[in-house]
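Participant: The primary structure of each chain is shown beneath.
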Amino acid sequence: MNLLSPNWGLAFWLTLTFLILLFVLRRYAWGPIVSAMEEREKTIDSSIQRAEEALAEAKEIQADNEKARREAEQKAQRILREAREQAEQLRDEERQKTQEQIDEMKQQAHDEIEREKQSALNELRSEVADLAVQAAGKILHEDMNQDHQRRMVDEFLEDLPRN
Amino acid sequence: MTRLFKTLSIAVLAAFLAVPAALASPAAAEEEEFSAVHHNADSNYLDFKPFGIVELPRIFLVRRAGGSFGLDAYASTASALRSGGYRAKSGGHGGGSDSSSGEGGDHGSGDQGHGNVSPGHGGGGSAEAMIAEGSHLGATLVPAGGGHVVVDFSITKHLIFALLAALLVAGVFIALARRYKRGVGRETAPKGTWQNMLETVIVFVRDEMARPALGNNYRPYLPYILSVFFFILVCNLLGMVPFGATATSNITVTAVLAVFTFIVTQFNASSDHWKEVLGAEAPWWLAPIMIPIEIIGLFTKPFALAVRLFANMTAGHLVILSLIGLIFTMNDLFGASWGVFTGFASVAFSLFIFTLEILVAFIQAYVFAMLSALFIGMAIEDHGDGAAEMMDEADPSQPMQRDERRDISPSLLSGNHDEEEEELEQSDHSLQPAPA
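In order, the protein sequences belong to chains A and B.
Residues 1 to 163, numbered by this note's numbering, are exactly what the first sequence covers, in order.
Residues 164 to 599, numbered by this note's numbering, are exactly what the second sequence covers, in order.
Any given hint could turn out to be false.
These stretches of chain A come out as covered by chain B in the derived footprint (C-beta under 8 Å, 3 or more residues) [to be verified]: (1) 60-66; (2) 85-94; (3) 121-128; (4) 147-154.
The list that follows gives simulated cross-link-like pairs (lysine to aspartate or glutamate, EDC-like), each with its CA atoms no further than 20 Å apart [to be verified]: (5) B:Lys344 <-> A:Glu41; (6) A:Lys59 <-> A:Glu71; (7) A:Lys42 <-> B:Glu362; (8) B:Lys354 <-> A:Glu38; (9) B:Lys354 <-> A:Glu41; (10) B:Lys344 <-> A:Glu38; (11) B:Lys354 <-> A:Glu39.
Hints are computed from structural coordinates only; laboratory data are not their basis.
Ideal Cβ placement from N, Cα and C applies to all residues, glycine included.
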């Protein structure tokens with residue numbers, strides 16, 4: 001057989017073979033393989049996209065969390081400060097109230113003492129007047145009108161400087 | 164470094180083994196003419212020398228002396244000769260008839276000398292002699308009872324290897340497809356060497372060949388491109404194994420493949436393609452030049468495909484055989500020392516050519532599939548400017564055009580049926596010119 005001579009019989013068999021090969025491969029090999037590969041590529045693409053989205057979302061959530069944490073911290077500090085101030089204020093008020101009470105009590109005591117002193121003085125004064133009158137009566141032997149005498153002593157006592 | 168020495172020592176050993184074998188066989192070489200061309204050409208037997216020869220079935224579509232057609236089938240060339248239905252035609256093949264020309268004188272008794280068949284060997288006895296000496300293998304058979312062979316449907320060596328390649332490709336890829344169906348590679352990453360390796364090649368064919376050449380509408384043509392690529396690749400590689408033959412070093416095989424590409428191209432061609440072929444896009448006065456050129460161009464593309472693949476796959480084997488043959492030539496012309504020296508050089512060169520052939524096997528499969536994709540892509544493309552067709556094809560800046568390309572149903576298979584019909588038509592044609 002010559003290298004360049006065409007062989008129609010071979011051409012016929014080969015056409016048949018190649019046709020069957022094309023059909024079989026197309027039906028049973030390339031279809032499943034190519035579709036599987038495309039499916040996988042799509043899965044990978046969408047996975048990457050999903051991962052990127054998830055990452056962005058996570059970053060957003062993280063930022064949100066950070067912000068919330070900072071806010072909470074600030075709030076806590078503010079509350080603490082306020083509480084401290086309130087406590088301070090409360091203490092001050094308490095102290096002031098106590099002070100006032102003390103002052104009041106002091107004042108009352110003072111007034112009481114004053115009153116007691118006054119009444120004591122008055123008593124003393126009347127006692128002294130009585131004594132003076134007795135003494136003067138005794139001295140003068142003069143029975144004076146009790147009321148008149150008494151008035152005279154009172155006037156005298158009024159003229160005396162206070163205390 | 165040690166590896167280099169190991170390789171070198173094995174090469175030297177191979178040379179030493181090859182050279183004495185070559186020197187020992189000049190007598191044998193004279194007995195049976197060895198021709199590199201004959202070795203590469205198709206044959207009706209599988210050559211497993213030195214273990215033996217397997218003859219292949221012979222099937223003939225024959226036109227009998229009476230004018231009727233018939234189909235004769237025999238298990239082998241030898242059985243065809245022994246049956247008496249067929250006899251060897253003399254002058255058919257050099258190797259077969261040369262050695263038997265001496266006994267060609269005393270024939271003629273049992274022969275009905277037909278016009279186109281010069282009488283060669285005699286009847287049954289002579290056939291036995293031919294079979295005994297093995298010269299029947301290269302003989303051309305003609306019907307003994309008159310008439311002539313219309314189409315020789317015999318199974319040949321190259322057909323066997325093309326079938327083997329088809330089976331290998333189908334087996335490997337159907338097994339691979341089953342893996343994908345199971346979910347390996349569909350939902351998960353591909354596992355294992357084979358799947359990764361083959362997938363890389365498939366993705367390469369898809370992304371580097373089909374997609375650039377065919378545009379976004381590549382999908383219907385991808386199975387064809389992939390099949391052609393892997394079939395040719397396996398055919399090419401089968402020629403590199405011991406006792407193997409390269410089916411693609413047969414012009415008929417490459418022509419059939421090119422015809423497939425041609426038919427797929429023409430059956431899916433866009434209206435723009437035909438307008439261009441009919442010169443509608445050139446000035447009218449250029450039509451007498453343009454139309455013939457375009458029509459010739461339609462056929463030169465597949466012709467170039469066929470010849471390129473055939474020549475590349477034949478050349479490597481011829482060069483290796485010639486280099487080996489050089490040892491014998493030098494031995495005969497200048498003596499044994501020259502033969503030994505040439506042996507070393509030839510083995511080294513053959514090794515180089517062999518590795519080159521492996522490279523060429525891949526490159527030619529790539530080139531055939533790539534050009535097929537390109538031709539199909541050129542034909543299916545709808546484009547405004549016909550003159551810049553090739554440029555458009557390579558120009559990625561026009562994706563819109565590709566998107567607008569009308570959706571053509573692939574009709575791969577329908578095209579192939581037509582191919583079969585054409586094949587039958589061709590056989591019909593070959594009926595007519597043959598003289599009775």
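Participant: Are any of the numbered hints broken by this structure? If so, which, sorted upward?
Facilitator: 1, 2, 3 and 4
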